[in-house]
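Visitor: Spelled out from the first residue to the last, the chains are:
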Amino acid sequence: MKKELLKSALPADGFSDLRYQEYALTTIKGTKREIDTVAVVKKNGGNVRVLSGGAYGTYCFTDVNDVHHAVKEAKFASDLILGKKQYQHVEVNSDHVVARPKTDPRTVSIEDKKALVQHYIDLFMDTPEIANLETEYYEQFTDTLILNNRGTDVRQEELIVGINFRITSKRGELTQITRLSFGGGEEYSDLLDQDEVVLEKARQTVALLDAEPVKGGNYDVVLDSDVSGLFIHEAFGHLSEADNLVGNASLSKTMTLGELFATEDFNVIDDPTLSGYPGSYTYDHEGTRAKKTHLIKSGKLAGRLHSLESAYFLNETPTGHARAKNYGFTPIVRMGNIYIDKGRQTLDEMIKSIDNGLYLFGSAGGQTSGETFTFAVQGAYKIEGGELKGLVRDLALTGHLFTTLKNIEMIGDEVNFSKSGGCGKGGQILIKSGKGSAPIKIKNMGIGGK
Amino acid sequence: MKTLLEKALKVSDSAEIYERKVQSTSISILLGEVQGIESEKKTEISLRIVKDGKLGAAIATDRNDDTLVSRALISLTHQKSEAEPFPNTPISEVESYSEIVKEMTTETLVASAFDLVERFKTLAKEVAFGVEVSRTFKTVSMVNSEGLDASYDYSNVEVGIYTLNEKGFYNASRSFSGADFPVITDEDLLGMFREHQLDDHEVTLGNERLPVVFSGSVMGALMLRVVGGVSGANVTKGISPVTDKLGQKVFSELLTIRDDGRLPLGLNTCAFDDEGTPAQNTMVYENGVLKNYLLSVGHAKKLGMKPTGNAIKRALFSKEIEDAPTVFETNLIVEGPMTDDEALIRGIKRGLYITGVMGAHTGNINQGEFSMNISSGFLIENGELVGKVKGAMIAGNIYELFNEVEALGTKKEPMRGIFYLMGYSPMVKFREVSIVGK
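Top to bottom, those sequences are chains V and A.
So the first sequence is numbered by this note's numbering: it starts at 1 and just counts up by one.
So the second sequence is numbered by this note's numbering: it starts at 1001 and just counts up by one.
Isolated chain V (complex conformation) (with noise of 0.2 Å):
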């Protein structure tokens, strides 16, 4: 990296940072039994952000040599806008992040992780029924420099590695989809000896072609922790970011701290220091260190992520949460590991406090439009008496977030976390956002079938 060469072009008044990222993508895709892609991607670019005038000016370049000129491009255009903001305090940190796992996916030969696919894709294949597999092995290692004009010069490793399984199970004309994933951290180990979770899930996915299709309406549910994380994620996780509250003042004062936003026993907690998740890292790619977060504390408003930008408006601290995709895209605020901590109740409580609802599954992508939100799972179990009955197909949720939150009864006594990550946002997928959960009960929630 030509660090001399970028930090001469940061210009000394105002406020402005540079990202400068080396990008390698290893992967290797299958389609049913075979391996169809193995590519090694790699690629190189710069970020600059210049806040002269009354907003960033930002430049994005892939040849360095054009640094001097992407300054001076954001300059003009932070020039353009009418205003003056600066920033008071920026945290300055200096550092070296070296990614250290103790099994690293680098030293590991194609040959070798390529048998370890195939291996797994055979005990799928092999499953009867199981009719279409999407396999995708994936290492991303992103060496980051960052800088700014405060002082900021920290250069921070990345590493994730993991596989991600959609599995079709099909009889006649009727399919069911579900998905499995392993790893999400640095670990290469992580990846091993799975057959029996390969082996369960084939056998859950060809189960789901006797399940019952759901009847659409209202039910009182129990989500697993992968459910649950994908339900914070969706429907409480986006508001969060405080990066939607910049020049929305109608929006802030929804959100105002101290607000009950649920029961006393629901806090929620974003915190990418915990080691191992996708959604783990040591700095932000501002340079803010990353913060544990508590977002909802016994029931309220308790806080929210930021970037530099969202923490000036609202004149709070930086949590450290804004993040880029790649070097080709601006940082906007993003989750980290966002989880709903344990509560008191057991799983076997949950469900046996409910006579006729539903136990649901397996996550299979969500979105929100900031009130709403809508996700979809994978299947759930009938809750009869308070007991588990047969399988049920074809589930997809709504809700609206401030009545779901108080509509949320019970929260179980241990938390997990997601193996894959994965947002979109601001046209940006971010593989490295976690999601975790203790399993709720919700009370009341729509559910939609086919």
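A few of these clues could be false.
Under the rule of at most 30 Å between Cα atoms (straight-line distance), these lysine-lysine pairs were calculated in the DSS-like manner [unchecked claim]:
1. Lys1390/A to Lys42/V
2. Lys170/V to Lys1291/A
3. Lys114/V to Lys29/V
4. Lys1125/A to Lys1138/A
5. Lys1125/A to Lys29/V
6. Lys32/V to Lys1054/A
7. Lys406/V to Lys1390/A
8. Lys1138/A to Lys72/V
9. Lys342/V to Lys406/V
10. Lys1302/A to Lys1125/A
11. Lys114/V to Lys1390/A
12. Lys2/V to Lys1319/A
13. Lys300/V to Lys1438/A
14. Lys443/V to Lys1438/A
15. Lys352/V to Lys84/V
16. Lys300/V to Lys1301/A
17. Lys1138/A to Lys1237/A
18. Lys1041/A to Lys72/V
19. Lys1021/A to Lys1002/A
20. Lys1041/A to Lys425/V
21. Lys297/V to Lys1167/A
22. Lys32/V to Lys1051/A
23. Lys114/V to Lys1291/A
24. Lys1007/A to Lys1054/A
25. Lys1138/A to Lys1021/A
26. Lys342/V to Lys253/V
To give a feel for the contact side, a few chain V residues facing chain A, derived at Cβ under 10 Å [unchecked claim]:
27. Lys29
28. Lys43
29. Thr374
Covered stretches of chain V (chain A as the covering partner; in silico rule of three or more C-beta atoms under 8 Å from a C-beta of chain A) [stated by the list, open to error]:
30. 57-63
31. 249-258
Hints listed in this document are in silico derivations from the structure and should not be mistaken for laboratory results.
Think of the CB as a built atom: it goes at the ideal place given N, C-alpha and C, for glycine as much as any other residue.
Please build the complex by placing chain A on the supplied structure of chain V, with the hints as guidance.
Guide: Using the frame of chain V, we list chain A on its own:
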């Protein structure tokens, strides 16, 4: 590019270099204040090589990256692939860029964005709203060892405008896109304003079946499923519901769907696709009859058909240089006998007009299934929009729904396929759709 091609040919039987140079600028304005101006200038290169009938690929941001060829060899060695010869079909010019947009400066873009801000402010007075404008200019060049040496310029301007409700959440919105600066009429803005005003007229629905009108924009959520069905990738894998249905009537005879990569100044117009196949105007469904699949070079070979110019470097959620050419739409066009938009709505006694959905990316897309939240939908009673539907979902399968088409509107809107726009559709009225309400 030729030097790199020669270098690659030293270790391979045939080779192809794809290069794209992108310059873009985007501006966002909220409540009359600029929130930021973002620009980029990127050069990205992709190499594909064939040796002993196998294909390998690698990408870089620097032509002089000396690992590019060796990485392509790694991919060639390890992936199972049956390489097809790189195409060298004559490329004809298409109108894929506008000189005005090419020359557009950041200042002009800011001024255009503020023009729109002023116009909407005049119409909507106190309403809180935001405007986003982005401008892209791109040059794509390809050379291959079969003799292809072609390039085209591409421009695009995308304009988004949205309102906020009293709590500060997104309310009504519209998108506009094309190679030229899109024409936005007062009628467009007034339509959005009327939808905004209905936010405080909340209505709830029960579980019921109702006539439903999808706006042109929301048709994108359904067209994602149409593309999944006719994608050569899914047809050749045998996982498309329309495998072996060429020539059969699959949808209502009112529905015609084309994929027109050559549409003058369209939002995805290109001279050739990312494998070098010339862009085409492919009839996909004509009066409901399946006429063609969308095919890459490889899929076409397997099916004994011709490639359609739809092999595009993208995925559902990304348009990165490393995305292998995969079947996606260019400008998908939905058409049929036209009814006046207002008359179409006026003719409905009780029904739903949907202008926004969430969850388009979930469910079994390739099988045509959908189960989505209605994030913006309006109850129609006696031909009038009477309130905004809250907390309802819509579910079904396009292979049933698209046989229930009753009418198509007139004005075409860009269709939204999650992150990206995918072509143009008018509003479409369906006879009956299942709604899950309270």
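Visitor: If a hint holds in the structure, say so; if it does not, say that too.
Guide: How the hints compare with the structure:
no., hint, result
1, Lys1390/A to Lys42/V, "violated (46 Å)"
2, Lys170/V to Lys1291/A, "holds (27 Å)"
3, Lys114/V to Lys29/V, "holds (9 Å)"
4, Lys1125/A to Lys1138/A, "violated (38 Å)"
5, Lys1125/A to Lys29/V, "violated (53 Å)"
6, Lys32/V to Lys1054/A, "holds (19 Å)"
7, Lys406/V to Lys1390/A, "holds (18 Å)"
8, Lys1138/A to Lys72/V, "holds (21 Å)"
9, Lys342/V to Lys406/V, "holds (17 Å)"
10, Lys1302/A to Lys1125/A, "violated (59 Å)"
11, Lys114/V to Lys1390/A, "violated (48 Å)"
12, Lys2/V to Lys1319/A, "holds (28 Å)"
13, Lys300/V to Lys1438/A, "holds (27 Å)"
14, Lys443/V to Lys1438/A, "holds (14 Å)"
15, Lys352/V to Lys84/V, "violated (59 Å)"
16, Lys300/V to Lys1301/A, "violated (61 Å)"
17, Lys1138/A to Lys1237/A, "violated (33 Å)"
18, Lys1041/A to Lys72/V, "holds (13 Å)"
19, Lys1021/A to Lys1002/A, "holds (17 Å)"
20, Lys1041/A to Lys425/V, "holds (22 Å)"
21, Lys297/V to Lys1167/A, "holds (22 Å)"
22, Lys32/V to Lys1051/A, "holds (25 Å)"
23, Lys114/V to Lys1291/A, "violated (39 Å)"
24, Lys1007/A to Lys1054/A, "holds (18 Å)"
25, Lys1138/A to Lys1021/A, "holds (6 Å)"
26, Lys342/V to Lys253/V, "holds (29 Å)"
27, Lys29, "holds (8 Å)"
28, Lys43, "holds (4 Å)"
29, Thr374, "holds (4 Å)"
30, 57-63, "holds (count 7)"
31, 249-258, "holds (count 6)"
Figure legend: structure checked against the earlier numbered hints; hints not met, in rising order: 1, 4, 5, 10, 11, 15, 16, 17 and 23.
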